[in-house]
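Student: The residues making up each chain are set out below.
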Amino acid sequence: MVTQSVQRVRIIYGCLVLVIVIYVIRLFYVQVIEYGHYKAAALNDQLKAYQIPATRGIIEAYDGNSVVPLVLNQKLYKLYADPPLIKNVSKTAAKISQVIGGNPSQYEKLMHIPHTQYVVLARKISPAQNKKILSFQLPGINTLGRDYRVYPDGSLASQVLGFVNSNGVGEYGLEQALNKELAGTPGRVRAVTDAAGVPLAANKGNIQTSPVSGDTVVTTLNLPMQAQMEKILKTDYKKTKSQGLSALIMNPYNGQIDAMANYPTYNPSNYQNVTNPRLFMNAAVTNAIEPGSIMKTLTTPAALDLGVIQPNEAYYDPMHWVINGFNVHDIKPDGSAREQNIASILALSLNTGATWMLMQMSHVGGTQINMKGIYSWHNYLVNHFHFGKPTGIQQGYESAGYVPPPNPNDPSIDLRYANTSFGQGVQVTALQMGAALSSVLNGGTYYQPTLVSKVITPSGKVIVDQPKVLIRHTVKPNIGGELEPLMENVVKSYLRFGFSFMNFPSNYIVGGKTGTAQIAKPNGGGYYKNLYNGTYIGFVGGDRPQYLIVVFNIKPGTPGYAGSYGGQPVFADLAHMLINDSFVTPKT
Amino acid sequence: MRPQRKSIIAWLDLSPGEGVVQLGRKHKPDYWLVTACGILLLIGLIVIYSISPALALTNNVGNNYYVIKQIIAIVLSAVAFFITAKIPITTWRRSYKALLLLAGFATLLALAIPVNPMYPAHRWVRFGGLSFESVELVTFAVLIWIAHFLAERIRTNTIKSLRKTLQPLLVALFAMGIIIAGVQSDLGSTGILVIMMGVMAYVAGIPMKRIMMIAGAILIVLVLAISAVPYRRARLETFLHPDTNCQTTGYQACQSIISVGSGGLFGLGLGNSVQAYGYEPEAANDSIFAIYAEKFGFIGCIILVAIFGLLFARLKSIAERLPDDFSRLLVVGVLTWFSVQALVNIGGMVGLLPLKGITLPFISYGGTSVVFSAAAIGLVYQLSQYTALKVPTSQPPSSSDGRRSFHRNTLRRADY
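Chains Z and Y, in that order, are what the protein sequence lines are.
Following my numbering, the numbering of the first sequence begins with 8 at its first residue and continues without gaps.
Following my numbering, the numbering of the second sequence begins with 7 at its first residue and continues without gaps.
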């Protein structure tokens, strides 16, 4: 028999062995049986997915024959502190202010903020400053680099371009519409990381794909023309006491926009400081208004195309029509009932004349509006001239505009449609107007208006943006040739009326049409009495119309008709600029 | 009669006591004991070395900071080992009062010194860059004192006396409970001390019934202590339902069992620990077993447990074969100390016990723990030279004085 104490040692030891066996069983359970569960729990904590940002594509434009950048990227750095890690606050603050300026005590204050591990000390510091600060190896101080957009031409074409917000997403303009192409594809990392989220170098489970940079977009914009246009808009905005001025110059033969601008505008590099978001809007694309009499440049070709009127036809104009119990008359009710012709409908801007065209669509020779006329005019508005739907140009927030539905049960449908014949009760953007008239002038092809000339992929592949035909035959090919002299006649008439700025050199053709558009009250109840928008649509060319110009002048404050005194002078300035700066090829 | 005033030297009583048994001839020591400890130290150092980059990153120190400190600790522990192995065991036994005094002084210092905000418990004595955990010295001193005290009670045949044996033990328990568990709030170390004392008392022959009664009383106090303080209740709740508290109070417990479990059968490999990179708190200290388990898997854990098992088996074997009560009780104390500490630590890592901030002997980073563990092993190493070849068998107590006779065992050599 062993002694009692040895026996007790053995009992204790036996207990110990028993407990160890329990531990081994537990280890087996945790590490072998429940391995899957704990492995999943570990990866749930450890495995994190990251994105490596792709370099955003740049935006370029034409300057003569060369292509120059309009939007570039620059890597700038955010300087931040992890306050608890800073060893010597005053010394650290002094060194930082030495490199990037600023008051050291301000930095010290930031570094003393309690209960935080992240305080931004400065934003947008340059690569050189970044390098210098990092070279000090200050504990608790670090930087984070990010691409920022830079604009070599300042605010030039800003509303066409849009900007990139702090999340790297394009907003407004091209940046928004082409965000996908410009942004590229971010790289992906799926990696086992440390607790702070930094990937651990060697791990079998790590997955990585490299980022693909965004495409370079070459716009159709002609930079010198764009710059001139913006200068003119700025001047005319003041001259016409405007509340908003939009204009565009486009090529009627392929839908390419050469220049497009609005005033007032903003500087995209300081977009954060803009308080009124309306400034971000490219109103030429986003703002649909009742265009007024410039619509007659489309009513006329529609009636000509239908064959219900002839270009040199005369008709009896009563100076007012009573439709649905309302008087339809001209904006300037001068003169008396007499015989008029198609040219004077445009030159004198006869609303009764435009209404008469709708009557001819209803019944040739008649003086009534019926659903046949309404359906065919609606068909032209929507299916030939593409109103009431966005053109699909590469811009954010494009407006579709509005065309009233041809509802036969509407008791005032006749009046409603009589109004549309001279551009009231229908809403269009400057761009829609330009694209529709382009199709008439170019022989009947509706090109989708575009701002992109070509796209260059990161691999260097150049994709030329081909003109895209949306509608094949808006009007017959000869109609443009019939409309052209009618619009040239308008310009000559205004010169005769005494608008001397409408005098153009004889080796150029210039045609146009004014619009003095009534403005509907926002909550119904008819139109404002003394408030108009001044619009203008016209062309400049040599042997044929080369540029098509649209001007929308919102509520100009100049006395006289808004179209003649608000829209027309801006058109004239733009047309003269195109001629004087040799953008137009003269007659041969 | 006025009590005689004694000088402190006289009180310390460094002369050999009456009951001190002279051990027999020396023989070869137990080399397995040292080998097992050496392997454990080496494993600890390798794990610390392999997670050094992670530790450097997490704690903002140099790459070799922890390795160098641990190597210094190992060198110091070698010194401690040689001191305890070479200075005769009788000298250590005689110095128990001096050691207790020193331990008490260290504890007072730890209480007096302002605390590090990172570890707000009064557990550390710091001078210069060195720091030292007072409770390790207390454990070492109590080990020698209890062994001596109980051996004396056996010799004077008063081991079952309530007044002479149980009362002083309960006073000591109470004092340690107040200071270490109460003020230093080091429940883990107190637990080790109490269990160590209890096992030594049990082996010394205190009836099981009394030990169970005391254990019951302690349990009641423990339950009261836990239920009275909200944060302790929360901890218990955390232990019982670790999964629901993973992001808050149960974070360390959760991460530990995740580390262990994600190691699987074979582990991720020496250099591939992920949990050390900021997920597992105290990766080099209290949680080193979890990191080891993540690296080496179930197979590695079995090997580690086997090495600990070897150490415990040697300690048990030495304890059995030692000729006198003091030596046997001392070795039993060491066995209890290390095994309970290891089991409490690992139990916390695998979710069997609540987490207590104590280290894994020989493996964990931390100088004090390693040095005092080595010192205790040094004592056992010395004693292993005096073991008998066979386990002593019970003798009828000598008729007159009740002393036990070891005359048949003491002089036998265990080894040649």
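Bear in mind the hints are in silico, worked out from the structure with no lab data behind them.
Nothing here was measured: the structure is a model prediction, and the numbers come from that model.
Ideal Cβ placement from N, Cα and C applies to all residues, glycine included.
A hint or two may mislead.
[Claimed, not checked] Capping the alpha-carbon separation at 27 Å, the derived lysine-lysine pairs in DSS-like fashion look like this:
#1 Z:94 with Y:32
#2 Z:483 with Z:379
#3 Z:187 with Z:379
#4 Z:46 with Y:362
#5 Z:187 with Z:536
#6 Z:562 with Z:536
[Unchecked claim] Example chain Y residues on the side facing chain Z (calculated, C-beta under 7 Å, incomplete):
#7 209
#8 358
#9 359
#10 363
[Unchecked claim] Restraint-style ranges between C-beta atoms, simulated for each label pair:
#11 Z:92 with Y:48: 33 to 41 Å
#12 Y:45 with Z:174: 51 to 59 Å
#13 Y:88 with Z:127: 56 to 64 Å
Student: Compare the structure with each hint and give your call.
Tutor: Hint check results:
Of the pairs offered as hints, the one joining residue 94 of chain Z and residue 32 of chain Y is violated, with about 59 Å between alpha carbons and a cut-off of 27 Å exceeded. A threshold of 27 Å between alpha carbons decides the hint, and for residue 483 of chain Z with residue 379 of chain Z the separation of about 20 Å falls inside it, so the pair holds. For a cut-off of 27 Å, the pair hint linking residue 187 of chain Z to residue 379 of chain Z is broken: about 45 Å separates their Cα positions. Between residue 46 of chain Z and residue 362 of chain Y the alpha-carbon distance is near 25 Å, which keeps this suggested pair within the 27 Å criterion.
In summary, the hint linking residue 187 of chain Z to residue 536 of chain Z is not supported, as the alpha carbons are separated by about 46 Å, beyond the 27 Å threshold. With a CA separation close to 12 Å, the supplied pair residue 562 of chain Z and residue 536 of chain Z stays within the 27 Å bound. With 7 Å as the threshold, the beta carbon of residue 209 of chain Y comes within range of chain Z, its nearest partner Cβ sitting at about 5 Å, so the hint holds. Proximity of residue 358 of chain Y to chain Z holds as hinted, the smallest CB-CB distance being about 6 Å (cut-off 7 Å).
Proximity of residue 359 of chain Y to chain Z is violated relative to the hint, the smallest CB-CB distance being about 10 Å (cut-off 7 Å). Because the smallest distance between the Cβ of residue 363 of chain Y and any Cβ of chain Z comes to about 20 Å, over 7 Å, the interface hint for this residue is violated. Checked against the hint of 33 to 41 Å, the pair residue 92 of chain Z and residue 48 of chain Y passes, with Cβ atoms roughly 35 Å apart. Between residue 45 of chain Y and residue 174 of chain Z, the C-beta spacing of about 56 Å keeps the proposed range 51 to 59 Å intact.
Take residue 88 of chain Y and residue 127 of chain Z: their Cβ atoms lie about 58 Å apart, and the range 56 to 64 Å holds.
Hint check: violations occur at hints 1, 3, 5, 9, 10; the rest are consistent with the structure.
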